[in-house]
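K.L.:
Protein chains in written order, with the working numbering: chain X, 33 to 577; chain P, 33 to 577.
Bear in mind the hints are in silico, worked out from the structure with no lab data behind them. Each hint should be verified, as a subset may be incorrect.
Where chains are identical, the list cannot tell them apart; a pair therefore holds if satisfied intra-copy or between any two copies.
Said to hold, decoys possible - 30 Å max Cα-Cα, derived DSS-like pairs, lysine-lysine:
hint	residue 1	residue 2
1	K515	K486
2	K389	K525
3	K395	K453
4	K458	K171
5	K399	K389
6	K526	K486
7	K389	K163
8	K462	K486
9	K486	K458
10	K487	K525
Protein chains: 2
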Amino acid sequence: MPSRTGSHGRVGTGRSLPERGLLLLVVLVLLEGSVRPLGAASSPDTGRQEELDTRKTTERENYTKKAFPVLSLDYHHIHTPFEISLWVLLASLMKLGFHLIPRLSGIVPESCLLIVVGLLVGGLIKLAGEKVPPVLDSKLFFLCLLPPIILDAGYFLPIRPFMENLGTILMFAVVGTLWNAFFVGGLLYAVCQIQPGNYSDLHQLELLPCLLFASIISAVDPVAVLAVFEEIHINELLHILVFGESLLNDAVTVVLYHLFEEYSGAGTVTILDCVLGVISFLVVSLGGVLVGVIYGFLAAFTSRFTSHTRVIEPLFVFVYSYMAYLSAEMFHLSGIMSLIACGATMRPYVEANISHKSHTTIKYFLKMWSSVSETLIFIFLGVATVDGPHLWNWTFVTVTVILCLVSRVIGVVGLTYVINKFRIVKLTTKDQFIVAYGGLRGAIAFSLGFLLDKKHFPMREMFLTAIITVIFFTVFVQGMTIKPLVELLAVKKKQEAKRTINEEIHTQVRPLTSSHPHQIDVLLLLTRPFLYRCFHLLAVWWYFI
Amino acid sequence: MPSRTGSHGRVGTGRSLPERGLLLLVVLVLLEGSVRPLGAASSPDTGRQEELDTRKTTERENYTKKAFPVLSLDYHHIHTPFEISLWVLLASLMKLGFHLIPRLSGIVPESCLLIVVGLLVGGLIKLAGEKVPPVLDSKLFFLCLLPPIILDAGYFLPIRPFMENLGTILMFAVVGTLWNAFFVGGLLYAVCQIQPGNYSDLHQLELLPCLLFASIISAVDPVAVLAVFEEIHINELLHILVFGESLLNDAVTVVLYHLFEEYSGAGTVTILDCVLGVISFLVVSLGGVLVGVIYGFLAAFTSRFTSHTRVIEPLFVFVYSYMAYLSAEMFHLSGIMSLIACGATMRPYVEANISHKSHTTIKYFLKMWSSVSETLIFIFLGVATVDGPHLWNWTFVTVTVILCLVSRVIGVVGLTYVINKFRIVKLTTKDQFIVAYGGLRGAIAFSLGFLLDKKHFPMREMFLTAIITVIFFTVFVQGMTIKPLVELLAVKKKQEAKRTINEEIHTQVRPLTSSHPHQIDVLLLLTRPFLYRCFHLLAVWWYFI
Numbered sequence: 033m034p035s036r037t038g039s040h041g042r043v044g045t046g047r048s049l050p051e052r053g054l055l056l057l058v059v060l061v062l063l064e065g066s067v068r069p070l071g072a073a074s075s076p077d078t079g080r081q082e083e084l085d086t087r088k089t090t091e092r093e094n095y096t097k098k099a100f101p102v103l104s105l106d107y108h109h110i111h112t113p114f115e116i117s118l119w120v121l122l123a124s125l126m127k128l129g130f131h132l133i134p135r136l137s138g139i140v141p142e143s144c145l146l147i148v149v150g151l152l153v154g155g156l157i158k159l160a161g162e163k164v165p166p167v168l169d170s171k172l173f174f175l176c177l178l179p180p181i182i183l184d185a186g187y188f189l190p191i192r193p194f195m196e197n198l199g200t201i202l203m204f205a206v207v208g209t210l211w212n213a214f215f216v217g218g219l220l221y222a223v224c225q226i227q228p229g230n231y232s233d234l235h236q237l238e239l240l241p242c243l244l245f246a247s248i249i250s251a252v253d254p255v256a257v258l259a260v261f262e263e264i265h266i267n268e269l270l271h272i273l274v275f276g277e278s279l280l281n282d283a284v285t286v287v288l289y290h291l292f293e294e295y296s297g298a299g300t301v302t303i304l305d306c307v308l309g310v311i312s313f314l315v316v317s318l319g320g321v322l323v324g325v326i327y328g329f330l331a332a333f334t335s336r337f338t339s340h341t342r343v344i345e346p347l348f349v350f351v352y353s354y355m356a357y358l359s360a361e362m363f364h365l366s367g368i369m370s371l372i373a374c375g376a377t378m379r380p381y382v383e384a385n386i387s388h389k390s391h392t393t394i395k396y397f398l399k400m401w402s403s404v405s406e407t408l409i410f411i412f413l414g415v416a417t418v419d420g421p422h423l424w425n426w427t428f429v430t431v432t433v434i435l436c437l438v439s440r441v442i443g444v445v446g447l448t449y450v451i452n453k454f455r456i457v458k459l460t461t462k463d464q465f466i467v468a469y470g471g472l473r474g475a476i477a478f479s480l481g482f483l484l485d486k487k488h489f490p491m492r493e494m495f496l497t498a499i500i501t502v503i504f505f506t507v508f509v510q511g512m513t514i515k516p517l518v519e520l521l522a523v524k525k526k527q528e529a530k531r532t533i534n535e536e537i538h539t540q541v542r543p544l545t546s547s548h549p550h551q552i553d554v555l556l557l558l559t560r561p562f563l564y565r566c567f568h569l570l571a572v573w574w575y576f577i
Numbered sequence: 033m034p035s036r037t038g039s040h041g042r043v044g045t046g047r048s049l050p051e052r053g054l055l056l057l058v059v060l061v062l063l064e065g066s067v068r069p070l071g072a073a074s075s076p077d078t079g080r081q082e083e084l085d086t087r088k089t090t091e092r093e094n095y096t097k098k099a100f101p102v103l104s105l106d107y108h109h110i111h112t113p114f115e116i117s118l119w120v121l122l123a124s125l126m127k128l129g130f131h132l133i134p135r136l137s138g139i140v141p142e143s144c145l146l147i148v149v150g151l152l153v154g155g156l157i158k159l160a161g162e163k164v165p166p167v168l169d170s171k172l173f174f175l176c177l178l179p180p181i182i183l184d185a186g187y188f189l190p191i192r193p194f195m196e197n198l199g200t201i202l203m204f205a206v207v208g209t210l211w212n213a214f215f216v217g218g219l220l221y222a223v224c225q226i227q228p229g230n231y232s233d234l235h236q237l238e239l240l241p242c243l244l245f246a247s248i249i250s251a252v253d254p255v256a257v258l259a260v261f262e263e264i265h266i267n268e269l270l271h272i273l274v275f276g277e278s279l280l281n282d283a284v285t286v287v288l289y290h291l292f293e294e295y296s297g298a299g300t301v302t303i304l305d306c307v308l309g310v311i312s313f314l315v316v317s318l319g320g321v322l323v324g325v326i327y328g329f330l331a332a333f334t335s336r337f338t339s340h341t342r343v344i345e346p347l348f349v350f351v352y353s354y355m356a357y358l359s360a361e362m363f364h365l366s367g368i369m370s371l372i373a374c375g376a377t378m379r380p381y382v383e384a385n386i387s388h389k390s391h392t393t394i395k396y397f398l399k400m401w402s403s404v405s406e407t408l409i410f411i412f413l414g415v416a417t418v419d420g421p422h423l424w425n426w427t428f429v430t431v432t433v434i435l436c437l438v439s440r441v442i443g444v445v446g447l448t449y450v451i452n453k454f455r456i457v458k459l460t461t462k463d464q465f466i467v468a469y470g471g472l473r474g475a476i477a478f479s480l481g482f483l484l485d486k487k488h489f490p491m492r493e494m495f496l497t498a499i500i501t502v503i504f505f506t507v508f509v510q511g512m513t514i515k516p517l518v519e520l521l522a523v524k525k526k527q528e529a530k531r532t533i534n535e536e537i538h539t540q541v542r543p544l545t546s547s548h549p550h551q552i553d554v555l556l557l558l559t560r561p562f563l564y565r566c567f568h569l570l571a572v573w574w575y576f577i
C-alpha cells in the first residue's frame, strides 16, 4: 500500500507560523516543566524516604483522625519512569522541532543542535539550583543507550560491501587505532615531561595513564559517525569504510583500556603482558563474534516456529540480540562486535521466516529506537558537559586536539599507502581526506573516561575535560564543515535513482539466493513492478550460470 | 501486501517431531540456565559488593603483579537487564511452545498453563536453594506490566459498542463492585465473629480490614478477562460488557482501597467520610479521564507535525499514553481510566496523520508488548504463589470463595433486573450467566494485597493466601469450563465472516466521517477490493442522507 506521506506532506507545508509557534511553546513549557522534577528527583532520595517513614510512624502512634484526602500528590513512587519518559519526550520533540526549521537543519548538523539543547537543559537545571542527574552514567549508556543504535546498524549492515572491504576496514580499525593510541599517548607524555615541574602538575602524569587516556580518545565513534554521515549522503564505499572502522575498533579499545587500567597501578608493562594483550585482543574480538553468531542462530532457529504466534516475532529479534550483547559484556568481550554479528547472522533466516508485518515492525521500531537513543546521547553529552567537574589545562587540551588530528591524518595516509598495494579499487586522495576527516569522537570516549576511578587516576577531571573538548571539536568543527567540503571536493555521492532498485533487489535477492536458492519468492514476483521482476530474474539467472 | 502467513503456514505444519523436540529441549535448557542467575542475583547484593570493594582495596595496597586476565566473568554489572531479558525470553518461548501443542491449548486456556509454568520455575528456584525474586512487586506490576495491556485495550477499544452500553457497563462496574465489596466484607466479618475465640484467631479480625480485603477481591480483573475471553470468541456485546466493567471498576477499587486502608487505623468511618468517599470517587474517575483526554489531545496535536520525521511517530503514541498513566497515578487518580481515555481520544486523529507503516508498527508493537506482559503476569502469579508466605485458614478461604461466587451471581441478576427496564436489547438469562461466570479475578487483586503493610494488617498473609486461592479458582475452574459452557448453552459467538468487512469499514470510516467528513480517503478507494468500495460508498451515502 503506498505510503500516505505524499498527501500529508502537501498538507504539512501549508501549515501556518502560529501553529509552529504553538508547538515550540509546548516544547518550551515541557522543557521548563521537566527541569524541576528532573532536578528535584536527583536530590538524595534516601533522606526524604526516611523522613516520610518517621513521619508516618509518628502519625500512626498518635492518630488524630483527619479528613479523607480527596486529592493527593505522590511524585516519589513514579519518579523514575516519569523522568525517563520526560527525557524521551524531550528528545523526540527536539527531533521534531529541528525538522520544522529547514534552514537551520541544512547548515548545522542535528548532533550539534542536540548538544546545544543539552547544554541549555543542563544550564536550566543548574540555575534552578538542583543537582544535575548523572545522565551519562556508564551503566545507562552501555546497557540502554548504545545497544539499539548498534543493533540497528548491525541488522541493516550492507553485508556485501562490508565483506569486500573487510581487510581495509580491519587495517584502519586495528592498526590505525593502535597507531593513534601510542602516538598520541607517547607524545602527550613527552610534552607533559618537558613542562616545568613547579609551573603545572602535568609533570606528575606518568606514561601509562597517558596511554590509557590516548586509548580512550583514539577510537572513532560509531554514533557520531552515523549521525553526521547520515546527512551528507556520501558514497557507499567511504561510508562503509569509516562506519565499519568505528564498529570494529571496539575490540581494540576494550583490550587497550583494560590493559592500561589494570597496569597503571603496577607502573610497568612487560613483554609477557603485551603478548597476553594480543591474545586477549583475539579472544575479545573473535569471542564477541562467536557469541553473536550463536545467538544469531538461536534466533534463526526460533523464528522457524513462529508461524502461529506472529505477534511476538519481533520480540525474539530484540531479545536475542540484547542477550548476545549482554553475554559478551559479561565476559568482557566486545559487545558491539557481538551485536553486529548477531544481527547480520540472523537477518537472512529471520526475514525469510517472519511475516511482512513483523518485518515492518522490526525495521521501524529499530529505526525509531536508535533514532531516539542517538538524540538522547547527544543531549546527555551537553548535560554532562554542564555538570562537569572540569579541570581546564590549556597545554593538555590543545596538545590533545592537535595530536588527535595529526595522528589521524598520518595514520590514514600511511595505512592507505600500504592498503592500496592490495586493493583493486584504489583509495584516492579525496577518499583519504574524507576517511581522515570523518574520524569523529563521541560519547563512548566520554563514558569510558567517566568509568575511571578517581582514586587511581587523580587526573580524571582533566582527562574528562580534554575528552569533551575533542568530542566538541570533532562534532562541531568537523561535523559542520564536512558537508561543504564534500561538495567542494566533488566527492562521489550515493547514487539516488539507482539506489532504490539496487538496494531493493540486493536486500531481497541476496538472502534468497544464499540461503534458499530454490525458493524463489513468489510474492516478490507478483507484488513488485515488472521492472523489478526483470532484474530479479536476471540476477537469479546470472547466479546460476 | 498480502501477508506471508499462508505459505509459511503450509511449511510449518510439515515440521517433524524431532524439530519440535529440539525446540522444547532448548526451552528446558534455558529454564534451567535461567534459574541459577535468577536465584543467585536475588541474593542480597550489598554484602557481596562491600566484599568486592574491600578485596579490591587490599589488592591495590599490597599490589602483586598478576597476569593480564584474558577472559573474566563479571555477572554483577549486567544482572538486572540480563534477568529481565531472560524472563521475557522465557515468556515468549512458553507462548511459542503452547501453540505447538494444539491439543493442549484447545482444552486448557493459556493463562492456566502459564501459571503452572510459573509454579514450576518458582519451585526450581526454591529447590536450587536460592531466594525467589519478588516478581509481583507492586511497583513493577503497576508501572511496567499493566500499562501495555491497558493501552492496547484502550487504543483498540471499539468505541461504538462501548458507548452504546456505557450505562450498563457503569452499573456493573460501580454498583456491582460496591455490592460485592460490602456483601463479601460484611458476611466475612459476621462469619469471623461467630468463630469460637479460643479456636482460631479469626475472631480478632475487625470489620474494616474485612471490608478492605473484600474491596480488593471484588474487582473483576481486565487481564484475566482478556486472556480467557480472547479464546472463546464470545459475541461483541458480552465481551464489551465484561471487559468494560473490568476497566471502569478501577476507580471504585482505588477509592475503596484507600478509604479502608486509611481508616483501618482509626477504626471508625463517619458519614462525612462516606460523603468524602463519594466525592473522591467522582474526582478519581473523572479526573483520570480528564488527564487522559489532555494527553490524548497533546498527542493528536503533535502528530500533525510528524510528516518529516515519520520514524518517531509511534514513539509519541507510546510516550504520551504512558505519561498520562503516570500523571494519573501521581495524583492517585485512576490510571487505567486515564490510559483508556488517552488511547481512545488520540486514535482517530493520530491515525489520520501518521503513515501506514507507523500505523502497522504501533499496532503490532502494542499487541506484542501486551501479549508478553500478559504472559509474564501469569508466570509471575505462579512464581509469587510458590514464594508465599502463606497462611492457610480453611474457614476463611472457603467462605471467601463461596461468597465471591454468590455475591457475583446475586449482583448480576439483581442489576440486570434493574438495567433491563432501561435497555432496548434486553440481557437474556444466558447473557447474565456469562457475565456472572466471566467475572474473573487476577493479578491486580494480588498486587493490591501485596501492597498492604504488615504492621497495620497482621492478617496480610492470610489475605494473600485467600486472594491467590480465589484467583486460581476463577482462572482455572471458571476459565477452563467457560468455553464448553458457552458451546453447551449455544451462546451467540462473534460473527467471523462479516466481522472482517464490518470492522474494516467501521475502523476506517468512522474516524474519517467524524473528524474530516470532507476527506474521503482516496487511497482506501483505490487499494481495497471493489466490494469494500461499494460498502464504503454506501456507508458514506447513508451517513449524508
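K.L.:
None of the hints should be skipped; say for each whether it holds.
P.N.:
For each hint, the structure was consulted:
1. Taking the shortest Cα distances, K515 and K486 never come within 30 Å of each other, neither inside one copy (39 Å) nor across copies (65 Å).
2. Taking identical chains as interchangeable, the C-alpha atoms of K389 and K525 lie at most 30 Å apart only when they sit on different chains, with a minimum of 28 Å there against 32 Å within one chain.
3. In this assembly of identical chains, the alpha carbons of K395 and K453 never lie at most 30 Å apart, being 39 Å within a copy and 53 Å across copies at closest.
4. In this assembly of identical chains, K458 and K171 lie within 30 Å of each other by CA distance neither inside one copy nor across copies; the values are 41 Å within and 59 Å between.
5. Taking the shortest Cα distances, K399 and K389 sit within 30 Å of each other both inside one copy (15 Å) and across copies (12 Å).
6. Neither within a single protomer nor between protomers do K526 and K486 lie at most 30 Å apart by alpha-carbon distance, with minima of 46 Å and 66 Å respectively.
7. In this homomeric assembly, K389 and K163 never come within 30 Å of each other (Cα to Cα): the closest approach is 45 Å inside a single copy and 41 Å across copies.
8. With identical chains, the CA atoms of K462 and K486 are never at most 30 Å apart, being 43 Å at best within one copy and 73 Å at best between copies.
9. In this homomeric assembly, K486 and K458 never come within 30 Å of each other (Cα to Cα): the closest approach is 46 Å inside a single copy and 75 Å across copies.
10. Taking the closest pair of Cα atoms, K487 and K525 never come within 30 Å of each other, the shortest separation being 49 Å inside a single copy and 70 Å across copies.
In summary, the numbered hints that this structure violates are 1, 3, 4, 6, 7, 8, 9 and 10.
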